[in-house]
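Enquirer: The listed protein sequences derive, respectively, from chains E and H. The first sequence begins at 0 in numbering that gives the first Met the number 0 and counts up one residue at a time. The second sequence begins at 0 in numbering that gives the first Met the number 0 and counts up one residue at a time.
Any given hint might turn out to be false.
[Claimed, not checked] Residues of chain H placed beyond 12 Å of chain E at every Cβ, according to the derived structure: (1) Thr1; (2) Ala3; (3) Arg42; (4) Ala45; (5) Arg171; (6) Gln179; (7) Gly226; (8) Ser232; (9) Ala238; (10) His244; (11) Pro245; (12) Leu267; (13) Gly269.
[As the list claims (entries may be wrong)] Simulated restraints, written as ranges between beta carbons of each label pair: (14) E/Thr43 to H/Ser331: 38 to 44 Å; (15) E/Met71 to H/Gln289: 38 to 44 Å; (16) E/Gly357 to H/Glu67: 28 to 34 Å; (17) E/Arg104 to H/Arg15: 54 to 60 Å; (18) H/Thr243 to E/Asp319: 46 to 52 Å; (19) H/Leu323 to E/Gly371: 53 to 59 Å; (20) H/Arg15 to E/Arg11: 51 to 57 Å; (21) E/Arg104 to H/Ala3: 53 to 59 Å; (22) E/Asp319 to H/Gly225: 31 to 37 Å; (23) H/Ala3 to E/Phe362: 31 to 37 Å.
It should be emphasised that the hints constitute simulated quantities derived from the structure, not laboratory data. Note that CB positions come from ideal geometry on N, CA and C, so glycine has one too.
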Amino acid sequence: MGEAVPVSLSHRHEVARALRGFLPARAVLFEEEDTRPYECDGLTAYRQLPMVVALPETEEQVRRVLQLCFSMNVPVVPRGAGTGLSGGALPLGNGVLLSMAKFMRVLRIDPRARIAVVQPGVRNAVISEVAAPFGLYYAPDPSSQIACTIGGNVAENSGGVHCLKYGLTVHNVMRVRGFSIEGERLELGAEAPDAPGLDLLALAVGSEGMLFVVTEVTVKLLPKPQCARVIMASFDDVEKAGNAVAAVIAAGIIPAGLEMMDRPATKAVEQFVAAGYDLEAAAILLCESDGTPAEVEDEVARMEAVLAAAGAVRLSVSRDEAERLRFWSGRKAAFPAVGRISPDYYCMDGTIPRKRLGEVLHFIAALEQKYGLRCPNVFHAGDGNLHPLILFDANNADQLHRTEQFAAEVLEKCVAVGGTITGEHGVGVEKINQMCTQFRPEELELFHAVKRAFDARGLLNPGKAVPTLARCAEYGRMHVHRGALPHPELARF
Amino acid sequence: MTLAALQEQIRTAAARAAPLRPRGGGSKDFYGNEPRGEVLDVRRHAGIVDYEPSELVLTARGGTALAEVEAALAERGQCLPFEPPHFGAATLGGCIAAGLAGPRRAAAGALRDFVLGVKLIDGRGRVLDFGGRVMKNVAGYDVSRLVAGSLGTLGVIAEASVKVLPRPPAERTLRFDMDQTAALDAMNVWAGEPLPVSASAWHDGALYVRLAGSAAAVQAAAPRLGGAELADSVAFWGAIREQTHPFFAGEAPLWRLAVPSVAPRLELGGAQLLEWNGGLRWLRSSLGAQEIRAAVTRAGGHATLFRAPDKSAGAFTPLDPGLLRLHRALKSAFDPAGILNPGRMYAEL
Numbered sequence: 000m001g002e003a004v005p006v007s008l009s010h011r012h013e014v015a016r017a018l019r020g021f022l023p024a025r026a027v028l029f030e031e032e033d034t035r036p037y038e039c040d041g042l043t044a045y046r047q048l049p050m051v052v053a054l055p056e057t058e059e060q061v062r063r064v065l066q067l068c069f070s071m072n073v074p075v076v077p078r079g080a081g082t083g084l085s086g087g088a089l090p091l092g093n094g095v096l097l098s099m100a101k102f103m104r105v106l107r108i109d110p111r112a113r114i115a116v117v118q119p120g121v122r123n124a125v126i127s128e129v130a131a132p133f134g135l136y137y138a139p140d141p142s143s144q145i146a147c148t149i150g151g152n153v154a155e156n157s158g159g160v161h162c163l164k165y166g167l168t169v170h171n172v173m174r175v176r177g178f179s180i181e182g183e184r185l186e187l188g189a190e191a192p193d194a195p196g197l198d199l200l201a202l203a204v205g206s207e208g209m210l211f212v213v214t215e216v217t218v219k220l221l222p223k224p225q226c227a228r229v230i231m232a233s234f235d236d237v238e239k240a241g242n243a244v245a246a247v248i249a250a251g252i253i254p255a256g257l258e259m260m261d262r263p264a265t266k267a268v269e270q271f272v273a274a275g276y277d278l279e280a281a282a283i284l285l286c287e288s289d290g291t292p293a294e295v296e297d298e299v300a301r302m303e304a305v306l307a308a309a310g311a312v313r314l315s316v317s318r319d320e321a322e323r324l325r326f327w328s329g330r331k332a333a334f335p336a337v338g339r340i341s342p343d344y345y346c347m348d349g350t351i352p353r354k355r356l357g358e359v360l361h362f363i364a365a366l367e368q369k370y371g372l373r374c375p376n377v378f379h380a381g382d383g384n385l386h387p388l389i390l391f392d393a394n395n396a397d398q399l400h401r402t403e404q405f406a407a408e409v410l411e412k413c414v415a416v417g418g419t420i421t422g423e424h425g426v427g428v429e430k431i432n433q434m435c436t437q438f439r440p441e442e443l444e445l446f447h448a449v450k451r452a453f454d455a456r457g458l459l460n461p462g463k464a465v466p467t468l469a470r471c472a473e474y475g476r477m478h479v480h481r482g483a484l485p486h487p488e489l490a491r492f
Numbered sequence: 000m001t002l003a004a005l006q007e008q009i010r011t012a013a014a015r016a017a018p019l020r021p022r023g024g025g026s027k028d029f030y031g032n033e034p035r036g037e038v039l040d041v042r043r044h045a046g047i048v049d050y051e052p053s054e055l056v057l058t059a060r061g062g063t064a065l066a067e068v069e070a071a072l073a074e075r076g077q078c079l080p081f082e083p084p085h086f087g088a089a090t091l092g093g094c095i096a097a098g099l100a101g102p103r104r105a106a107a108g109a110l111r112d113f114v115l116g117v118k119l120i121d122g123r124g125r126v127l128d129f130g131g132r133v134m135k136n137v138a139g140y141d142v143s144r145l146v147a148g149s150l151g152t153l154g155v156i157a158e159a160s161v162k163v164l165p166r167p168p169a170e171r172t173l174r175f176d177m178d179q180t181a182a183l184d185a186m187n188v189w190a191g192e193p194l195p196v197s198a199s200a201w202h203d204g205a206l207y208v209r210l211a212g213s214a215a216a217v218q219a220a221a222p223r224l225g226g227a228e229l230a231d232s233v234a235f236w237g238a239i240r241e242q243t244h245p246f247f248a249g250e251a252p253l254w255r256l257a258v259p260s261v262a263p264r265l266e267l268g269g270a271q272l273l274e275w276n277g278g279l280r281w282l283r284s285s286l287g288a289q290e291i292r293a294a295v296t297r298a299g300g301h302a303t304l305f306r307a308p309d310k311s312a313g314a315f316t317p318l319d320p321g322l323l324r325l326h327r328a329l330k331s332a333f334d335p336a337g338i339l340n341p342g343r344m345y346a347e348l
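Next up, chain E with everything else stripped away, as it sits in the complex (with noise of 0.2 Å):
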């Protein structure tokens, strides 16, 4: 990426112009010094300066700025705080890029009715600090949480470490408010149950940015649980670990938290952050109970029951909260810990069927030495999501080649076993080719008329997620595989 798009001084100036009519002049950046900061979000490959960048404060300026846009044709790209991972949020050098980084008010907290309604800008880990006097929560934690807003979890769905009991965004996400590219009003869900019609809510949570803006959030709380313990198990082969894991489920438990690392992601993260790994383990899970004391006292028992009969060569389990923290804290910061053995990585986001693990596993390993390069695995084990973190030089043309080869070979693998090439961090620019292995053109031409539905126009985030059916042709021709060209049935130019 990179490429100059161009863009006349004097259209750049036009815009600029027209949207200082209603906007304060230190809300609009087009300085190259000030666009600057704007050019990625935390898919940091990929970067483009904006043409110009807006920062409304309110929502009427929010529509104001929609409607300037779509009535000079001018694109729109959404931001939050910029940590996506999968360029999401990435600028076009001849669009506007609308930052919602003023929406930081936490509007209402109806600790009764257990709901929050806050500002897309405000964080996800703010949610429940406010909510906690309460004895409340928000419960979608993706590791993001103290940076990530939930604006921005709203467009990509985050997960986070303990969905698979407590659900993702869109479990946990009631109403939106937010304004289509025409500067209409929306407002989809309710606080109320199952709103009349159909389901917008549900297709606009994970629309990445694509169908409209959201200004407003009203978000479930919960109750937070009267305790939680954590067991940290090692196993000595990764298969094993992953045996457990369908173990831990067929006995009818359903973990707060399930995750797994394997040996070079746990070495990576015992010298950052010293959580007390295992460092002898092939793979170690770490596997949570909440509830009331004697809930957890009566899972934890039966969790380590099952983990030993899986093969688990040593348990340890929380002993009080500061040491159920640690052990997290490693899991948090595995990406960080990552960044600090390897100039760069490259996070990967497939889902499995559980089962198909070992396969996938020995399937990577297997690619780290076709392309020379390392791979540490940390993963969501309890929903199947991987996280592969493929380690790379982006200085260096050829292993950022291999990187993406690598990684592509991994996404489509995950599809090929039934899975999905994006848990949760969404499609944005990196994962577009590989939504032409998932999907067939008729379902993607299902997905551009949605867009339709909301953006007839195609202003809002456009070239993101979902392919032109013309990309797909050209990215089969390139990519033959199980001996045989993708989407035969489609025209090739």
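Based on these hints, arrange chain H on the given structure of chain E.
Expert: What follows is chain H alone, placed relative to chain E:
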């Protein structure tokens, strides 16, 4: 019936612009506005395709009897956590198309929360796959959840994958003598505490609270709440779920009011039965639809005319113009000829 035969029937209907009414067991023929068009019987496209308890996922064809699905799950100690009503010979496809959930909804989630993927035949007769068989999947728009509760207006559910969960090992129901206001208060307070409440209902001066979870959790929570233990918990909740409770008998129109759970008691000229911590309020009333809808809208909710001989007022609360426009645009994306269950949800769709 094979998938190809269903596709063919839809293609033919689309070519003739002839309305079709997809139908499973017909158990929810009463739901929504009057069905129109020729019946598209999905029952013969049936059977469980894949069920692996340790994956917590079951995949079955749309025409599979809901009872068969639940029996297969029960055999392995699992369940559909949203406790959908059967109302007769329900099918899995019809269950998802209707989107209705039962007593455990407030604790476990809505039906759409458990839909992981669908194989859909759209209004052009194309077979389309959305979502999948894994818990987390954000590739493409979440069409499977959009289809949940769409009343067959977007396509025919040929196959669906749902997330399932272990059945709670222990269950106990407590009964309290309380008026509606006190019950609303109690339900909302308890829902905010870390208690294993899995269902709540209030009717005629009595509040019923079901605890479910591990034996240890249920045992620890029951004395904290007090009340009297109800002898036949399973039968009681079964009667609420299937609407065989005496409240649901008789001819008076049955309204389904969905409101924020903390909305105060609504006086609407008839008996009420509350569920979901007060978020769902069943009403038997002959008051005018406009009056009922206005009151419920003021309370922040919406009112569905659930069972009634006359649905000329429209089964569902009307949409505002912006949302209606979106609905129409989506409808034409899935069903350009407008043949699938026209008018069942809204006259304009």
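Enquirer: Each hint: holds or not?
Expert: We went through each hint and held it up to the structure:
no.	hint	in the structure
1	Thr1	19 Å, holds
2	Ala3	16 Å, holds
3	Arg42	25 Å, holds
4	Ala45	22 Å, holds
5	Arg171	14 Å, holds
6	Gln179	16 Å, holds
7	Gly226	18 Å, holds
8	Ser232	20 Å, holds
9	Ala238	21 Å, holds
10	His244	20 Å, holds
11	Pro245	24 Å, holds
12	Leu267	15 Å, holds
13	Gly269	19 Å, holds
14	E/Thr43 to H/Ser331: 38 to 44 Å	40 Å, holds
15	E/Met71 to H/Gln289: 38 to 44 Å	43 Å, holds
16	E/Gly357 to H/Glu67: 28 to 34 Å	32 Å, holds
17	E/Arg104 to H/Arg15: 54 to 60 Å	55 Å, holds
18	H/Thr243 to E/Asp319: 46 to 52 Å	50 Å, holds
19	H/Leu323 to E/Gly371: 53 to 59 Å	57 Å, holds
20	H/Arg15 to E/Arg11: 51 to 57 Å	54 Å, holds
21	E/Arg104 to H/Ala3: 53 to 59 Å	55 Å, holds
22	E/Asp319 to H/Gly225: 31 to 37 Å	32 Å, holds
23	H/Ala3 to E/Phe362: 31 to 37 Å	35 Å, holds
Of the numbered hints given earlier, the model fails none.
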